[in-house]
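Enquirer: The lines below spell out each chain.
Number of protein chains: 2
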Amino acid sequence: MLQALVIGAGNFGATVALEMAAKGCEVVVIDNDHEHLDDLRDKVGRAILGDATDKMLLEKFVKGMDVVVVSLGEKVDASVLITHHLHEMGMKRIITKATSKDHGEILKIIGAHEVVFPERDEAIRLVSTLVSPNIVDMIKISEDFNVVEAAVPQEFIGKKIKDLDVRKKHGIQVLAIKNALSGKVNVLPDPAYAFQADDIMIVIGDPENLSKAK
Amino acid sequence: MLQALVIGAGNFGATVALEMAAKGCEVVVIDNDHEHLDDLRDKVGRAILGDATDKMLLEKFVKGMDVVVVSLGEKVDASVLITHHLHEMGMKRIITKATSKDHGEILKIIGAHEVVFPERDEAIRLVSTLVSPNIVDMIKISEDFNVVEAAVPQEFIGKKIKDLDVRKKHGIQVLAIKNALSGKVNVLPDPAYAFQADDIMIVIGDPENLSKAK
Chain F
2 MLQALVIGAG NFGATVALEM AAKGCEVVVI DNDHEHLDDL RDKVGRAILG
52 DATDKMLLEK FVKGMDVVVV SLGEKVDASV LITHHLHEMG MKRIITKATS
102 KDHGEILKII GAHEVVFPER DEAIRLVSTL VSPNIVDMIK ISEDFNVVEA
152 AVPQEFIGKK IKDLDVRKKH GIQVLAIKNA LSGKVNVLPD PAYAFQADDI
202 MIVIGDPENL SKAK
Chain E
2 MLQALVIGAG NFGATVALEM AAKGCEVVVI DNDHEHLDDL RDKVGRAILG
52 DATDKMLLEK FVKGMDVVVV SLGEKVDASV LITHHLHEMG MKRIITKATS
102 KDHGEILKII GAHEVVFPER DEAIRLVSTL VSPNIVDMIK ISEDFNVVEA
152 AVPQEFIGKK IKDLDVRKKH GIQVLAIKNA LSGKVNVLPD PAYAFQADDI
202 MIVIGDPENL SKAK
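As given, the protein sequences belong to chains F and E, one line each in that order.
Basically our numbering = 1-based index in the first sequence + 1.
Basically our numbering = 1-based index in the second sequence + 1.
Heads up, some of the hints might be wrong.
As the list makes no split between identical chains, a pair holds if one copy fits it or if it spans any two.
Stated by the list, open to error - Each computed PhoX-like pair below joins lysine-lysine, with the alpha-carbon atoms no more than 20 Å apart:
1) LYS102 to LYS44
2) LYS24 to LYS44
3) LYS61 to LYS93
4) LYS93 to LYS109
5) LYS185 to LYS141
6) LYS24 to LYS141
7) LYS185 to LYS161
Hints in this document: simulated from the structure, not taken from any laboratory.
My request is simple: use the sequences and hints to build the entire structure.
Expert: Dropping the structure here:
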């Protein structure tokens, strides 16, 4: 399993550490705020109180790590400095959280292998669900194709997939149907299947057509 | 199109406002920091400098709004107070950003219709992609089913879907294939299709089997 070092145990860092530990990874967390560490102490391998901008401290813990996640919130200077140190130490996988586009670009230049923008990405997801009210979640495949989890439009209920002809009419294809009550998932449903009121559909297609198919 | 009020123009709020405006929504933003508003002024309907915990100010702008998004970062007290005021004013859709589980629970009790946790949710997504290295993005459908965008495992390349028999062997089903270079998407590929090195597959199935099918 992965050995991971997580620097910063705020919201994002703590969730990364807990999720990885829950999946069996060996996780070491460093934070300079003992309150952040209190909740983690029993749940991750090691919770270190310390300043990760201190190169000596950092060096102690990077050895053998498969991945380092740097998540320092608004502390842009510290996240840049630590990412730089990690790059110099030859870390093979550095993932750093950015708070702005500029921050993200600088992180890439100095050696972050991946830059994550949790606030921005979740905001974009939220707006997708607001503007197309049926959409629950989505994966963007390309400009023209999304995989979307969406509530079944009112006018589909009781009708058969083949009769609705969504493929031709809306350019979308039904990949699976989940019943929201039973949780049962029907992968590649029969065209003779008639939508029920509690169905959620997983479709693939052009996002513009999807929002029209309300 | 939607009329939206966005309270707080930090990272999350600003992205929500810009994305909604770009999709044709009428957006009003309130923030008490003029620096936050400077970047938004030309791109959203109105950018108001003011304190949204002031009920009188808030009342001026909620009228006619379809949705209010409250995004005040670490200012838990202000986000709770504003959500409470909005609920009292009868707003039909209040979405508030939470920074912790407790914060989220309180927001629900006092009247938020939806609570969003950008940091937590993106952290969970990141860990999924770290622990199962091929996974690019995913939608969790149920405990047993995810829709996953994943790199094609090395040992699949050159082989036909029907010969790999992934459905029986791994309990997953290939819904679509995207070529990473051309961007071409092949929905419900023919079972005789042979995977190419630059293919990304979109599959549905049990996440445990998916991470084994590396």
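Enquirer: It remains to establish, for every hint, whether it holds in the given structure.
Expert: Consistency of the hints with the structure:
Proximity of LYS102 and LYS44 under a CA criterion of 20 Å is satisfied inter-copy only: 17 Å between copies versus 33 Å inside one chain copy. In this assembly of identical chains, LYS24 and LYS44 lie within 20 Å of each other by CA distance solely inside one copy; the values are 11 Å within and 43 Å between copies. For a Cα distance limit of 20 Å, the shortest separation of LYS61 from LYS93 inside one copy, 16 Å, qualifies, whereas the shortest one across copies, 53 Å, does not. Only within a single protomer do LYS93 and LYS109 lie at most 20 Å apart by alpha-carbon distance; the minimum there is 14 Å, versus 42 Å between protomers.
Taking the shortest Cα distances, LYS185 and LYS141 sit within 20 Å of each other only across copies (13 Å), while inside one copy they are farther apart (25 Å). Taking the shortest alpha-carbon separations for LYS24 and LYS141, only the inter-copy value of 16 Å comes in at or below 20 Å, while the best intra-copy value is 26 Å. With identical chains, the CA atoms of LYS185 and LYS161 are at most 20 Å apart within one copy only, with a shortest distance of 18 Å there and 30 Å across copies.
Of the numbered hints given earlier, the model fails none.
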